[in-house]
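Novice: Kindly generate the complete structure, drawing on both the sequences and the hints.
In case you want the letters, here they are:
Protein chains: 2
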Amino acid sequence: MFHHISEVLSDNFIGKEVALRGWIYRKRRMGKIIFVVLRDSSDIIQCVIEKKKIGNEKFKELDKVGVESSLEINGVIRKEERAPTGYEVDVKDINIIGPSYLFPITKDKSDEFLLDNRHLWLRSREMNAILKIRHTVFGAIHEFFRENGYYEVQGPIFVTGAVEGGSTLFEVPYFGKKAYLSQSAQFYLETFIFSLERVYTIAPSFRAEKSRTRRHLTEYWHAEGEVAWYHNEDMMRDEEELIMHIVQKVLEEREKELKFLNRDLEILKNLEKPFIRMKYEELIEFAQENGINIEYGDDLGADEETAITKKFDKPIFVTHYPIEIKPFYHRPDPDNPKVVLCHDLLAPEGYGEIIGGGERIYKLDVLLRRMEEEGLNPEDYYWYVDLRKYGSIPHSGFGLGVDRLVWWLAGLSHIKYAIPYPRTIRRTKP
Amino acid sequence: MFHHISEVLSDNFIGKEVALRGWIYRKRRMGKIIFVVLRDSSDIIQCVIEKKKIGNEKFKELDKVGVESSLEINGVIRKEERAPTGYEVDVKDINIIGPSYLFPITKDKSDEFLLDNRHLWLRSREMNAILKIRHTVFGAIHEFFRENGYYEVQGPIFVTGAVEGGSTLFEVPYFGKKAYLSQSAQFYLETFIFSLERVYTIAPSFRAEKSRTRRHLTEYWHAEGEVAWYHNEDMMRDEEELIMHIVQKVLEEREKELKFLNRDLEILKNLEKPFIRMKYEELIEFAQENGINIEYGDDLGADEETAITKKFDKPIFVTHYPIEIKPFYHRPDPDNPKVVLCHDLLAPEGYGEIIGGGERIYKLDVLLRRMEEEGLNPEDYYWYVDLRKYGSIPHSGFGLGVDRLVWWLAGLSHIKYAIPYPRTIRRTKP
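Taken in order, these protein sequences are the chains called A and B. The opening residue of the first sequence carries number 2 in my numbering; numbering runs sequentially from there. The opening residue of the second sequence carries number 2 in my numbering; numbering runs sequentially from there.
Treat the hints loosely; a few may be bogus.
As the list makes no split between identical chains, a pair holds if one copy fits it or if it spans any two.
What the hints assert, rightly or not - Below, in silico cross-link-like pairs of lysine-lysine (DSSO-like), each with a Cα-Cα straight-line distance of 30 Å or less:
no., residue 1, residue 2
1, Lys-211, Lys-179
2, Lys-59, Lys-327
3, Lys-390, Lys-61
4, Lys-54, Lys-364
5, Lys-430, Lys-178
These aren't lab readings, by the way, just hints derived from the structure by calculation.
Specialist: Shown next, in the form of structure tokens:
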């Protein structure tokens with residue numbers, strides 16, 4: 002039986018013989034001894050391999066192979082303060098399973114090279130840590146929704162209409178016709194609430210964005226929720242709890258990985274509800290006071306969001322956007338129909354938008370008027386319009402960019418580090 | 002505060018005043034009384050609405066609106082054996098939120114009509130039950146993997162190569178170049194195991210299948226796992242446990258829904274490990290003995306699988322397929338290289354394949370030889386080949402068609418009932 006390295010990094014294992022398997026992380030020879038730092042999915046451990054113990058032939062073979070060779074070892078655990086993780090293995094025997102020569106990734110490789118070799122770079126301790134954080138984030142999202150009475154559903158990926166504007170739709174030839182790739186499951190989630198009331202989905206969404214910023218992907222993971230009878234404030238309350246739940250889980254399960262990535266943990270540990278709430282109008286004033294060049298009516302671009310959110314160490318809900326800069330389906334505020342009952346959630350520390358959400362128009366006449374104003378043909382959205390014809394109800398929803406959330410939580414410099422295989426305007430490989 | 006209908010269907014609520022909200026499932030008037038059966042996401046309840054209690058105006062309004070109107074009601078719960086769920090509400094007040102007139106779905110609508118109106122048909126008690134079973138299945142898959150040390154990861158959807166053969170790839174114009182939609186995350190999952198050892202994903206997969214059978218979709222949900230150091234048998238053991246776990250969960254949480262769908266529960270309740278195991282060779286013999294027209298070397302089509310699996314009430318693992326009828330990456334059996342160390346899992350009762358999996362080739366020379374035999378260019382798969390160059394290890398994996406699993410578990414006649422928005426060669430709407 003094989004142990005994981007993290008299990009044997011313990012005083013309980015001192016003097017015990019264990020079997021481990023993994024890959025060579027570092028290797029150096031000093032005469033008749035080879036020091037191997039072995040890595041597996043859990044951690045690393047130093048292994049001391051003496052020629053007289055494993056025999057001449059295996060020693061020679063080990064001497065020849067390079068980093069990232071896979072091997073099985075047997076040996077006894079002992080304490081060793083100078084070893085990278087505090088213990089080492091006094092090795093009795095080894096088996097090389099898959100040799101590796103001239104592993105392409107060496108120090109100081111360019112970012113582009115590491116992207117071309119992402120399939121190998123995943124093995125790095127950085128990517129290993131990020132992937133574990135990502136795993137915890139996805140698990141925490143499912144957990145939150147399921148514990149709060151949401152049903153998991155799946156909208157289609159092949160669709161016929163736009164949610165967020167036609168210019169960023171990917172078109173796919175489809176058996177002599179055409180289809181598009183979903184930008185958001187929102188409209189479909191709205192159909193589900195008439196059956197299940199509270200629904201969520203986690204699925205890829207697609208945007209043919211031409212933007213080359215540090216936060217745009219053409220394919221990203223989208224966690225979306227939609228709730229019958231909810232108003233804008235109800236939805237924001239659930240989102241706040243969702244984000245708090247994810248942060249707690251990540252701190253509980255991934256403190257080691259966050260520290261490895263040099264994440265400032267205090268900001269996460271100090272996070273509390275309620276988050277900051279600002280009307281769009283207030284945000285513009287705040288930005289102008291801080292020397293940011295923006296006018297009432299402008300949409301926030303990546304640069305403005307970065308500049309604004311650098312001033313905060315807590316997420317900010319921005320509400321009451323002008324009706325002109327938001328898609329047609331947002332419900333106008335009955336007290337001031339020039340703005341809509343929506344919210345964006347901006348991550349602090351320069352990260353910016355991670356959630357967009359709000360209350361949907363539920364009156365048929367209002368929806369048809371807004372579609373007309375935006376030049377949309379209701380026939381293209383017949384099924385979306387139907388929801389307002391047959392027993393409509395107030396409802397709200399939101400979409401969370403999961404990769405962006407990981408990007409912020411892990412404190413990464415660019416979104417491409419937050420997703421294992423980033424897709425951008427220029428990249429579909431590997 | 003509003004209750005869900007399922008909560009108040011209880012002797013504890015008799016004589017208590019409650020607030021409920023939902024949609025009109027059925028309605029009939031008898032003079033000065035209107036009987037409404039109200040539905041919400043949880044259940045249905047009969048409501049007795051007297052003109053003298055709610056007033057003339059509201060009574061007239063209620064009389065006018067049709068099924069699927071949304072409303073809020075207040076009233077007192079009482080026992081009523083003749084009511085559809087054993088209790089009824091003696092209504093004190095109502096509010097009509099969203100009226101509905103001439104709801105398009107009436108009795109005896111065609112299948113095609115119900116597909117065109119799937120956004121409304123989701124409200125049916127059948128679809129409500131299926132969606133809840135689906136929710137439980139997705140949850141059970143995540144739970145099993147996470148409890149067994151698997152990390153959740155995401156492969157890209159935009160890819161440049163085929164996993165299962167190029168003829169069923171969807172091509173997407175991609176900023177002046179082209180990309181394909183993923184048929185399976187398998188090759189990417191193989192890259193992750195060098196970092197995380199055990200990984201899984203649940204994501205949509207795409208196949209441009211021209212087949213019009215009762216089990217094919219162009220877009221389906223795929224749960225895939227891949228494990229370092231696993232051989233074929235190890236993988237099958239995990240899959241068996243996964244299926245058992247899902248079945249247990251569905252029986253625990255969804256017995257009511259399964260009964261509503263008239264599912265034969267005994268078959269699910271009697272399910273035990275180990276599942277049936279048959280070599281491909283034995284399966285062909287079995288099929289021939291049972292009068293099915295099939296030869297050694299034939300791939301099993303939908304019709305053959307239906308005919309064969311009707312003879313069983315337990316899933317069947319079929320192993321050791323001839324090398325010619327399986328994709329290049331399957332590991333040839335060292336004891337008989339004419340067959341590969343793979344497995345399909347066939348659901349019983351006529352359902353057929355729900356899982357495909359097996360051990361992957363991990364020796365570089367074997368992989369390159371198999372690619373050559375199949376006329377594939379290793380350069381197109383440079384990153385897949387790299388995995389065998391740098392510290393290769395034995396490993397195995399599998400893919401589960403989640404919609405097919407739901408189809409079988411819920412005992413449905415066609416796959417289109419197992420997924421909320423089915424996509425087939427002729428359908429991308431709604």
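Novice: For every hint, state whether the structure bears it out.
Specialist: We went through each hint and held it up to the structure:
Taking the closest pair of Cα atoms, Lys-211 and Lys-179 come within 30 Å of each other both inside a single copy (22 Å) and across two copies (16 Å). Taking the shortest Cα distances, Lys-59 and Lys-327 never come within 30 Å of each other, neither inside one copy (67 Å) nor across copies (37 Å). For a Cα distance limit of 30 Å, the shortest separation of Lys-390 from Lys-61 across copies, 20 Å, qualifies, whereas the shortest one inside one copy, 78 Å, does not. Taking the shortest alpha-carbon separations for Lys-54 and Lys-364, only the inter-copy value of 28 Å comes in at or below 30 Å, while the best intra-copy value is 80 Å.
Proximity of Lys-430 to Lys-178 under the C-alpha cut-off of 30 Å is found in both arrangements, the shortest distances being 27 Å within a copy and 12 Å between copies.
Violated hints amount to a single one, hint 2; each of the other numbered hints is respected by the structure.
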